[in-house]
Amino acid sequence: MMDALRAADGRRLAALAAMRERWRALPKPMRFAVVVALVALLYGLPNLNIPLIRTPDTDFTSVLFLVAIYVLVAVGLNVVIGLAGLLDLGYIGFYAVGAYTVAIFASPSSVVATKLPWLACIPLAIGIAMLSGVILGWPTLRLRGDYLAIVTLGFGEIVRLIAVNWDVPNGQRGISGIPGPPGTWADGSPLFGLIDVRPFYWLALTVVIVCMLAVGRLEHSRVGRSWLAIREDEDAAEVMGVNTFKFKLWAFAIGAALGGLSGALFASKQAFINSDSFDLLTSILFVAAVVLGGSGNMAGVTVGAILISYLPERFRGFADYRLLVFGIALVAIMVFRPQGLIPSRRRAVELKDKREEAVVV
Amino acid sequence: MNIDFLLSDFGELTITGLTQGAIYALIALGYTLVYGVLRLINFAHSEVFMIGTFASLGVWTAAGFGLNSGDPGTLAVLGLLGLAIVAAMLASGATAAVLEMVAYRPLRRRNAPNLVFLITAIGASVVIAEAAGVLTGRRPSGLPTLVRPVEVLNIGGASITNLQLGILACALAMMVALDLFINRTRMGRGVRAVAQDPQTSALMGVDKDRVILLIFVLGGMMAGVAAVLYNIKIGSTTYNVGFLLGIKAFAAAVLGGIGNLRGALLGGLLIGLVENYGAGLFGNEWMNAVAFVALVGVLLFRPTGLLGESLRGARA
Chain A
1 MMDALRAADG RRLAALAAMR ERWRALPKPM RFAVVVALVA LLYGLPNLNI PLIRTPDTDF
61 TSVLFLVAIY VLVAVGLNVV IGLAGLLDLG YIGFYAVGAY TVAIFASPSS VVATKLPWLA
121 CIPLAIGIAM LSGVILGWPT LRLRGDYLAI VTLGFGEIVR LIAVNWDVPN GQRGISGIPG
181 PPGTWADGSP LFGLIDVRPF YWLALTVVIV CMLAVGRLEH SRVGRSWLAI REDEDAAEVM
241 GVNTFKFKLW AFAIGAALGG LSGALFASKQ AFINSDSFDL LTSILFVAAV VLGGSGNMAG
301 VTVGAILISY LPERFRGFAD YRLLVFGIAL VAIMVFRPQG LIPSRRRAVE LKDKREEAVV
361 V
Chain B
1 MNIDFLLSDF GELTITGLTQ GAIYALIALG YTLVYGVLRL INFAHSEVFM IGTFASLGVW
61 TAAGFGLNSG DPGTLAVLGL LGLAIVAAML ASGATAAVLE MVAYRPLRRR NAPNLVFLIT
121 AIGASVVIAE AAGVLTGRRP SGLPTLVRPV EVLNIGGASI TNLQLGILAC ALAMMVALDL
181 FINRTRMGRG VRAVAQDPQT SALMGVDKDR VILLIFVLGG MMAGVAAVLY NIKIGSTTYN
241 VGFLLGIKAF AAAVLGGIGN LRGALLGGLL IGLVENYGAG LFGNEWMNAV AFVALVGVLL
301 FRPTGLLGES LRGARA
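So the sequence lines, in the order shown, correspond to chains A and B. Quick note: the first sequence, position 191, residue 191 per the working numbering, numbers continuous. Quick note: the second sequence, position 216, residue 216 per the working numbering, numbers continuous.
Please keep in mind that the hints were generated in silico from the structure rather than gathered at the bench. Worth double-checking, as some hints may not be accurate.
If you want the ones that stay clear, here's a sample from chain B, every Cβ over 12 Å from chain A, calculated [as the list claims (entries may be wrong)]:
hint, residue
1, Phe-10
2, Val-102
3, Ser-125
4, Val-134
5, Gly-188
6, Gly-297
7, Pro-303
Estimated spans, in silico, between C-beta atoms of each pair [said to hold, decoys possible]:
hint, chain 1, residue 1, chain 2, residue 2, range
8, B, Glu-151, A, Asp-59, 16 to 24 Å
9, A, Ser-109, B, Phe-5, 28 to 36 Å
10, B, Ala-177, A, Ser-109, 22 to 30 Å
11, A, Gly-241, B, Ser-8, 38 to 46 Å
12, B, Leu-203, A, Asp-3, 49 to 57 Å
13, B, Asp-197, A, Asp-233, 14 to 22 Å
14, A, Trp-185, B, Leu-135, 48 to 56 Å
15, B, Gly-73, A, Asp-3, 53 to 61 Å
16, A, Gly-241, B, Phe-5, 54 to 62 Å
17, A, Ala-236, B, Val-176, 41 to 49 Å
18, A, Asp-233, B, Pro-140, 41 to 49 Å
Anything over 12 Å on all C-beta distances counts as not near chain A; from chain B, calculated [claimed, not checked]:
hint, residue
19, Leu-78
20, Leu-83
21, Asn-111
22, Ala-112
23, Pro-113
24, Asn-114
25, Val-116
26, Leu-118
27, Thr-120
28, Ala-124
29, Ala-177
30, Met-187
Virtual Cβ for every residue (Gly too), placed ideally from N, Cα, C.
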């Protein structure tokens with residue numbers, strides 16, 4: 001049984017590798033055409049009535065929006081966990097900071113008098129999230145990995161407790177009337193309304209694509225190489241002249257900025273947020289999305305995020321069991337395939353090397 | 001800020017904090033044992049504790065002691081307590097052992113990176129908590145009052161109940177027993193040896209897998225005792241009771257210096273005290289925030305915790 005599963009998984013990986021090879025062999029215009037077709041398909045998803053992938057119990061476009069947000073979160077968290085190798089269990093804190101920044105500064109129902117326009121709130125949300133990343137990272141990034149995990153976990157919980165207890169975020173009663181982006185349809189009705197969610201999905205998808213391209217560029221830059229060096233061996237990186245603290249802080253800040261951005265988008269679409277949306281379990285799901293798909297690999301974390309956000313919505317009928325099934329899947333995938341579903345090539349090679357070493361502990 | 005309240009109720013807050021802290025410390029031992037030997041954050045340890053609370057509930061129900069029974073006599077109380085502790089230790093220890101054999105051992109064989117262990121632990125934690133949630137219908141289960149709190153001591157206006165005294169004594173006794181076991185017995189020497197250097201100890205004939213199983217079971221048993229103490233203190237349990245307690249206990253282990261048994265005791269008591277003083281000062285709703293801020297604060301100045309890591313550094 002186990003061997004059969006393992007063999008099947010091996011065949012799946014071989015097929016993936018073969019696809020990668022064929023993709024590389026394609027002429028450039030062809031690759032460009034495929035990418036354009038794929039992006040067009042993604043933009044068209046809410047309008048195309050593809051039967052099996054539609055969610056029976058919830059609005060499909062809203063689910064797509066949620067999936068896009070999770071992908072954005074996973075791309076951001078991948079910078080921290082996958083590239084720089086810093087375990088951040090409290091990523092939801094940055095997400096919450098972004099969401100509450102938009103809510104507090106833009107909503108007419110918040111106690112803060114400034115009613116900033118939405119367009120001003122987004123950079124503000126990114127900025128404040130980034131700042132909180134630096135404030136958290138400055139003292140804690142000197143700690144060793146495992147301690148960092150608990151400190152970030154504590155940070156996420158503190159942000160949640162502030163949201164619950166402080167008057168400005170208004171706890172469980174939350175903040176309502178959060179405005180969306182400006183713009184109107186041709187007939188004058190608002191573009192980003194509560195009824196038609198498609199513009200929100202398109203906006204989120206655009207942001208995801210832009211951020212993926214940006215992070216992809218970053219990954220192959222000097223900064224990205226420094227992150228990989230730190231992840232593999234911090235001491236060696238330091239000796240080789242990488243300013244590890246600086247680059248770790250950068251990873252934290254960039255990750256936080258992306259988290260803040262996704263939170264801000266989430267808040268604008270929901271129009272209402274309260275402290276319930278930001279619990280630690282969700283934060284742990286974020287980490288799971290990154291590791292499940294294959295940390296350090298953009299395609300991997302995207303698949304992980306899609307699975308984590310889409311499957312529970314698709315199978316809402318099993319609502320009571322879905323977390324249970326999720327947990328079992330998490331353990332099973334980790335035991336079978338520690339490098340994630342779609343491992344990054346570099347990571348796969350590392351693990352293969354490691355297996356040939358003598359087993360320690 | 002409510003400094004008057006903090007000052008007037010200082011004794012009361014101290015004793016509540018110590019009682020709460022003793023329970024944290026017992027759970028923290030499990031984290032610290034596993035971390036000291038394997039360098040693994042056993043995230044699922046909180047669920048090991050949760051299983052213990054249900055085991056003691058189960059054994060009380062089986063013994064015919066329920067929400068509607070009256071106050072049992074002294075002998076019956078001791079009997080029920082003993083029964084619950086044995087049952088909870090067995091159940092929690094067994095859960096921890098299964099966890100190690102099903103989830104962690106295969107990973108160790110494959111030499112997986114640390115992050116993978118952690119995610120597995122998180123997955124296992126979700127599985128156990130959700131399984132309990134599905135089985136209990138996600139409803140909190142009330143527990144009968146085993147010991148009615150009676151004031152037995154009064155130090156400077158702060159009353160100390162028999163319950164608080166009992167919890168503290170029981171927790172301390174368990175910790176002393178564990179400390180003696182690790183430091184004085186042959187098996188304990190094996191644990192310390194593997195913690196120091198797994199390869200060399202394997203060469204010296206220590207069966208590593210057995211030692212690792214042993215530390216999981218020991219940690220589970222401590223969590224089982226903590227579960228019974230928690231039960232008689234709080235009087236109800238649910239499927240997700242372990243989550244927050246587990247995080248606090250882990251924070252306690254880190255605060256004292258993870259991998260250090262006495263550090264777990266110190267960290268647990270400190271977290272209990274700090275959060276109760278904090279609650280007195282800022283109000284109950286800030287209790288958890290105070291605990292975490294204190295943890296972050298201490299780690300900034302002493303990155304390896306108050307007592308440092310010593311299970312590894314101890315002389316065998």
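Hint by hint, here is what the structure shows:
1. Phe-10: 24 Å, holds
2. Val-102: At roughly 8 Å from the nearest Cβ of chain A, Val-102(B) sits no farther out than 12 Å, so the non-interface label is violated.
3. Ser-125: Violated: least Cβ distance 8 Å, not greater than 12 Å.
4. Val-134: Check fails; 6 Å does not lie beyond 12 Å.
5. Gly-188: 19 Å, holds
6. Gly-297: 9 Å, violated
7. Pro-303: 5 Å, violated
8. Glu-151(B) / Asp-59(A): 16 to 24 Å: With Cβ atoms ~59 Å apart, the hint is violated.
9. Ser-109(A) / Phe-5(B): 28 to 36 Å: Distance hint for Ser-109(A), Phe-5(B) holds at roughly 33 Å.
10. Ala-177(B) / Ser-109(A): 22 to 30 Å: Cβ of Ala-177(B) to Cβ of Ser-109(A): about 57 Å, so the range 22 to 30 Å is violated.
11. Gly-241(A) / Ser-8(B): 38 to 46 Å: Since Gly-241(A) and Ser-8(B) have Cβ atoms about 59 Å apart, the given range 38 to 46 Å is violated.
12. Leu-203(B) / Asp-3(A): 49 to 57 Å: Between Leu-203(B) and Asp-3(A), where Cβ atoms are some 32 Å apart, the hint is violated.
13. Asp-197(B) / Asp-233(A): 14 to 22 Å: With Cβ atoms ~21 Å apart, the hint holds.
14. Trp-185(A) / Leu-135(B): 48 to 56 Å: Hint holds: Cβ distance 51 Å, inside 48 to 56 Å.
15. Gly-73(B) / Asp-3(A): 53 to 61 Å: 60 Å, holds
16. Gly-241(A) / Phe-5(B): 54 to 62 Å: With a Cβ separation near 55 Å, Gly-241(A) and Phe-5(B) satisfy 54 to 62 Å, so the hint holds.
17. Ala-236(A) / Val-176(B): 41 to 49 Å: 44 Å, holds
18. Asp-233(A) / Pro-140(B): 41 to 49 Å: 48 Å, holds
19. Leu-78: Correct as stated: the minimum Cβ-Cβ distance to chain A is 38 Å, above 12 Å.
20. Leu-83: Fine: 30 Å to the nearest Cβ keeps Leu-83(B) off the interface.
21. Asn-111: Non-interface label fails for Asn-111(B): nearest chain A Cβ at 5 Å, not farther than 12 Å.
22. Ala-112: 4 Å, violated
23. Pro-113: The claim is violated: Pro-113(B) sits with its nearest Cβ about 7 Å from chain A, within 12 Å.
24. Asn-114: 7 Å, violated
25. Val-116: It is violated; Val-116(B) is separated from chain A by about 4 Å at its closest Cβ, not greater than 12 Å.
26. Leu-118: Contrary to the label, Leu-118(B) does not stay out of reach of chain A, its closest Cβ about 7 Å off (not over 12 Å).
27. Thr-120: Violated, because the least Cβ-Cβ distance between Thr-120(B) and chain A comes to about 4 Å, which does not exceed 12 Å.
28. Ala-124: 6 Å, violated
29. Ala-177: Nearest chain A Cβ is 27 Å from Ala-177(B), so the label holds.
30. Met-187: 19 Å, holds
The structure shown violates the earlier hints numbered 2, 3, 4, 6, 7, 8, 10, 11, 12, 21, 22, 23, 24, 25, 26, 27, 28.
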